[in-house]
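Per numbering that gives the first Met the number 0, the very first residue in the sequence shown carries number 0; after that it's consecutive.
Bear in mind the hints are in silico, worked out from the structure with no lab data behind them. Fair warning: this is a prediction, and the values are worked out from it, not measured in the lab. Be a bit skeptical, because a hint or two may be false.
The list that follows gives simulated cross-link-like pairs (lysine-lysine, DSBU-like), each with its CA atoms no further than 35 Å apart [what the hints assert, rightly or not]:
hint : residue 1 : residue 2
1    : K115      : K207
2    : K51       : K105
3    : K56       : K223
4    : K108      : K56
5    : K56       : K194
6    : K223      : K180
7    : K104      : K215
8    : K56       : K207
Okay, the calculated beta carbon distance ranges per label pair [unchecked claim]:
hint : residue 1 : residue 2 : range
9    : R93       : D212      : 37 to 47 Å
10   : K14       : N66       : 21 to 31 Å
11   : E133      : L112      : 21 to 31 Å
12   : F5        : N205      : 42 to 52 Å
13   : I192      : K9        : 28 to 38 Å
14   : E144      : K203      : 15 to 25 Å
15   : K215      : E136      : 33 to 43 Å
Every residue gets a Cβ at the ideal spot worked out from N, C-alpha and C, and that includes glycine.
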Amino acid sequence: MSPDEFEHTKLYTAKSIVKIAYESKGNIGIAFTYNEPGTFYEYMLEVSGFAKEYGLKTVMVTNGYINRQPLEELLPSIDAFNVDLKAFSEGFYREITQSRLAPVKKSIKAIALSGKNLEITNLVIPGLNDNFEEFEEMVKWIASETGDRTVLHISRYFPSYHLKIDATPVNTLLDLYDISKKHLKFVYLGNIIDKVRGTTYCDKCNEKLIVRDALKTLIVGLNKQGNCIHCGNHVINHMQD
0 MSPDEFEHTK
10 LYTAKSIVKI
20 AYESKGNIGI
30 AFTYNEPGTF
40 YEYMLEVSGF
50 AKEYGLKTVM
60 VTNGYINRQP
70 LEELLPSIDA
80 FNVDLKAFSE
90 GFYREITQSR
100 LAPVKKSIKA
110 IALSGKNLEI
120 TNLVIPGLND
130 NFEEFEEMVK
140 WIASETGDRT
150 VLHISRYFPS
160 YHLKIDATPV
170 NTLLDLYDIS
180 KKHLKFVYLG
190 NIIDKVRGTT
200 YCDKCNEKLI
210 VRDALKTLIV
220 GLNKQGNCIH
230 CGNHVINHMQ
240 D
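My request is simple: use the sequences and hints to build the entire structure.
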């Protein structure tokens with residue numbers, strides 16, 4: 000079906016989307032997400048370009064399966080990326096997603112080298128990508144290729160649509176969190192309420208910086224420059240914006 004065939008839908012030009020975002024009270028930018036924004040690449044490129052002219056921030060939530068040239072064209076107008084690294088085996092990517100892991104790894108490395116803000120999300124599915132040794136191999140790769148300060152979100156899976164495997168056991172997430180923290184400084188559990196493992200701590204003095212509790216997010220230990228107010232350690236970029 001085309002967009003014209005759905006009821007109650009509207010078509011927006013790139014400029015009109017940016018105008019709405021700019022005039023929305025308290026809004027700082029535009030996020031390109033769900034479904035994969037790479038499928039509307041040209042529109043995203045146009046919108047993000049206009050967004051920069053208005054001083055808006057932009058973020059792309061993506062599976063990272065994108066050719067190098069279009070990614071390089073996007074980098075100047077996208078401020079932050081969250082890449083869904085679904086697993087760390089070619090077998091998983093081939094059998095479950097009908098794609099390949101190698102291009103995703105290349106995208107992650109290119110984003111990291113660009114200096115743009117990078118976060119990685121791994122959705123843990125029991126029996127498919129929850130092997131501890133493979134997971135630790137992934138975390139080590141992240142630390143070595145993109146830096147040990149790369150943010151990693153470990154998300155709990157719930158059955159939906161065609162996939163009916165039982166939800167990820169909480170203990171599995173806790174074990175994977177512990178494995179990750181041996182190699183990465185900023186790790187968070189997703190799709191689960193865990194105040195301790197959802198809080199950002201300074202990687203120098205271990206004081207609380209950002210507390211996340213259910214739907215509340217409180218900045219408790221950062222100044223506007225993204226520095227820890229306790230020891231001065233620089234933690235997060237672009238806080239002043």
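Status of the hints after comparison with the structure:
| no. | hint | result |
| --- | --- | --- |
| 1 | K115 x K207 | holds, 24 Å |
| 2 | K51 x K105 | holds, 26 Å |
| 3 | K56 x K223 | holds, 16 Å |
| 4 | K108 x K56 | holds, 22 Å |
| 5 | K56 x K194 | holds, 27 Å |
| 6 | K223 x K180 | holds, 26 Å |
| 7 | K104 x K215 | holds, 32 Å |
| 8 | K56 x K207 | holds, 26 Å |
| 9 | R93 x D212: 37 to 47 Å | holds, 39 Å |
| 10 | K14 x N66: 21 to 31 Å | holds, 27 Å |
| 11 | E133 x L112: 21 to 31 Å | holds, 25 Å |
| 12 | F5 x N205: 42 to 52 Å | holds, 50 Å |
| 13 | I192 x K9: 28 to 38 Å | holds, 35 Å |
| 14 | E144 x K203: 15 to 25 Å | holds, 23 Å |
| 15 | K215 x E136: 33 to 43 Å | holds, 35 Å |
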